[in-house]
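Enquirer: Residue numbers (my numbering), protein chains in the order written: chain A, 1 to 309; chain B, 1001 to 1332; chain C, 2001 to 2285.
These are computed hints drawn from the structure, not numbers from a lab. Incorrect hints may have been included.
Rough simulated footprint, nothing fancy, chain C against chain A, three-plus residues with beta-carbon under 8 Å [unchecked claim]: (1) 49–60; (2) 139–147.
Some chain B residues well away from chain A (every beta-carbon gap over 12 Å; in silico) [claimed, not checked]: (3) Asn1104; (4) Gln1132; (5) Asp1137; (6) Glu1229; (7) Glu1300.
Restricting the straight-line Cα-Cα distance to at most 27 Å, the calculated cross-link-like pairs of lysine-lysine (DSSO-like) are [claimed, not checked]: (8) Lys273(A) with Lys1121(B); (9) Lys1121(B) with Lys1304(B); (10) Lys1123(B) with Lys273(A).
Cβ coordinates follow ideal geometry from the N, Cα and C atoms, glycine included.
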Amino acid sequence: MAPSSQSLNQSAGRAIEINTGRLQRDLLIRRIGKIGLYFNPVFSFFFLWAPIAVLVVFSFNESRSVATFTGITLDWYVNIFTGVLGAESAFSTELLLDSLSNSLIIGFITTLISTVIGTMVAMSLVRSDYPGKRLLDGVLYLPVVIPEITQGISLAVFFNMLFDYWNMLTGQRLYPGLHTVVIGHVAFTISFVAVVVRARLADMNPRLEEAARDLGANEWRTFREVTFPLLLPAIIAGGLLAFTLSLDDFLVTFFTAGSGTNTLPVFVYGLLKLTVTPEINAISTIMVVASTVLIGISLSLQGRNATRG
Amino acid sequence: MCPPGYAGQTLSVFNWSTYIADNTIPDFEAACGVTVEYSIFESNEAMLARIRQGNPGYDIVVPSGNTIGLMIESDLLIPLNKDLIPNLTNVTPELLNPPYDPDNLYSIPYQWGTIGIGYNKEKVGEITSWEQMWNYDGKVAWLDDRRAVFGIALNLLGYDPNTTNPDEINAARDYLIERGGNVVAIAADDGQVLLERGDVDMTIEYSGDILALMFECECDTYGYLIPEEGTNIWVDNMAIPVDAPNPELAMVFMDYILHPQVGADISNYTAYGSPNQPAIDNGLIDEALLSDPAIYPSQEILAKLFFSNPVGGDAEQLYNNAWDEMLIFLGQ
Amino acid sequence: MLEARSRRRRTLGGVLLALPAILWLALFFLIPLGIMVVVSVLTRDASGAGVLPLTLEHYERVFGVFSPVLWRSIGISLVATLVCLVIGYPLAFFISTRQRQWVRQVCLFLVILPFWTNFLVRTYAWRVLLGDEGTINSILSATGLIQEPLQLLNTQFAVVVGLVYGFLPFMVLPIYASVERFDFRFVDAAHDLGANDLRAFLEVVFPLTLPGVFAGSALVFIPCVGAFVTPDLLGGTSGLMIGNLIQRQFGGSGNMPLGSALSVVMMVIVMLTLLAYVRFGTRRA
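Could you build the full structure based on these sequences and the hints that come with them?
Expert: Written out as structure tokens, the structure is:
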């Protein structure tokens, strides 16, 4: 039923009357929203970058203070490469290089193991079916969410018991070291690799593999010549993620490392806690630059792979 | 300086932070042809926890006296072979044969000192007592040394600083919570850093850490106080934890540390009291340090100081629980 | 027949492929966690390890004396999550509504890059900024805004700032993904129906991007509850969190059973968060 034309006109007139007021309010809301929308990124990017900028700037500061900039110096950078172990600072070039090389060794081995294992489990989860698969799926996500400190201490308790037991059985004492750290790192990086590789696998067209099999390729050949090349970008991405996580890890390392197996984060933690030296700013700056370069390389690699794939 | 036959071996030292001279380790490495892995800890408890969880491979640890006692009680130390440590005769006689390790079967003094208040004179002015620290209207830090801090509180309450009575320990806990409103940080052997950075105006800290800061800054900003009510005095000792991979080289290292010149270098660097009598007698210790009553207190002050003695595992746990409970309410 | 055999082969192959991961996770993740749960109900012996008989005293302590820290940790984590949401939502919205792809990519890059810097270094940077003689206080006093330095470091505020700084990308990325998927013709439709921008946002945009909000909140809240480094470096005494207490049981107080009990409680909080997320967060998606 259509309303009479008169009442229609009336209601339209009222509507227009109200609308001018509302329009103004709506425009105001829109303007506030716009301002907010543009102010927020400015603030956010400042928030995200200012701390790093401050570190970088003060790493060149002549005075030891982080309050006032008095002049430019490269002294702190020079000290990094010439520092000897001393009473005044816990810092020494030797310790730094040792911990860096430990970090890299642990990172590489961890990446190798967890990339292989993680890729395998991802393929298994996507391509086949068996009882308990859902459970495995759930468990696989756990290391991503369980707090690092929990993983660290549970491994510490575990190794402690294991080594005591071994000692009882054989009379031989085992020590934690790089190997225990690698074991801990692999335990939580497998999941990250699996998640990344799995996402790619799920997107992949299974017909490509079927076609290869139809053409007479056996499973291994199908994998080598079809699946693996298609999967490679994801495997590389997963591996890089594992490497970065291993390099960045502090807590699991802290609880599983042996004597003299400091990694870079454990070493840096000691410095942060126990010293006030401006060299920390310089080391931090180098770490910022190094991670930026690494990310740049990995992004360009991935970009190239993506365009090729 | 080093008997032959150790070239190519490795020694792992686990020591406090800022507790050794620049040249100590490199000289030992050169003399013996060995490699030294050097790691640091920030509290007796942190070191003890690592050893208890299974020695991860340390050959030398440097605990304070009461912790030595605890470790002997729990079979965590290896007895020393004194034939390998002829320089033991250099140790000041008063520091030998301590109550926590009669006859020095397990441990050898490394450095000794007190626990007092490091403060910023410009902000605090001159102070004399613990009472002034508790009442200070500003930011302070306490040392992460539960037995020492509890000992100080127990002493102020008129109890035995080494009590095993749970009521007295809990009274000390409540005493500390009540006076801990101005505590912004529990310093893990880094009170001097907090002081230097201006994060706190006062801190409970080991004497040498503050004195080193005072000498280093060549300024009159900082002071170290042994409060008039009395405080904790301690001796840190080198010892060999169970399952040490290389105990023999560890004893050679101990002997090396007891050389007068090596010991003097360390004390000159750390500004702690030296247990090395020839180093003191032969003028190897800096005169400025030797004449500083904050490092070598007078007999009158020494009489007011007390040691933390081992109290046994059960009482130790009472202290641990009380300490954890105190932490929750500090700075509120 | 052939079909069945090949399926069986693939099942076997699948299990074999998964076997290394299963073994590794069982041995070095699940069993250690299981041991930790067991240790948490053991009695502490003189050396700090766990021995029989079984006891619940550690849980009593966790929910008794330690409960202020428990609540503080949850409170700090909630505030940090909320702040992340307030900062992160508009940011994600802004980035995902840029027209040009390269602008979006650069913006995302700018959000993520600090994230790849070592966590300790990023947290330390705030120590430099927030200290009494740090950058912020010196700027404020140089401009005459304050006479006495503000106490920023060693407070709960500092912990929240550090956590937000550490985990903001976890909030931005999922929201970015859900806003990007959002069909803006819905907004036009809402406008046509007379809704203004605010109503269109509250009643159309926000509800439809809720999956991203839930995912982001869970991703931020969980690591906040488990934080150790941030409160350790920035919190001082008043910012003490569960993670610090756990570390103290293993590093200082020598009480493995109590540390394990605290850890189990932390794990339960994380699990409950996840459960809540799966239950309520993914339903609308």
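Enquirer: Can you list which hints this structure breaks, lowest number first?
Expert: Those not satisfied: there are none.
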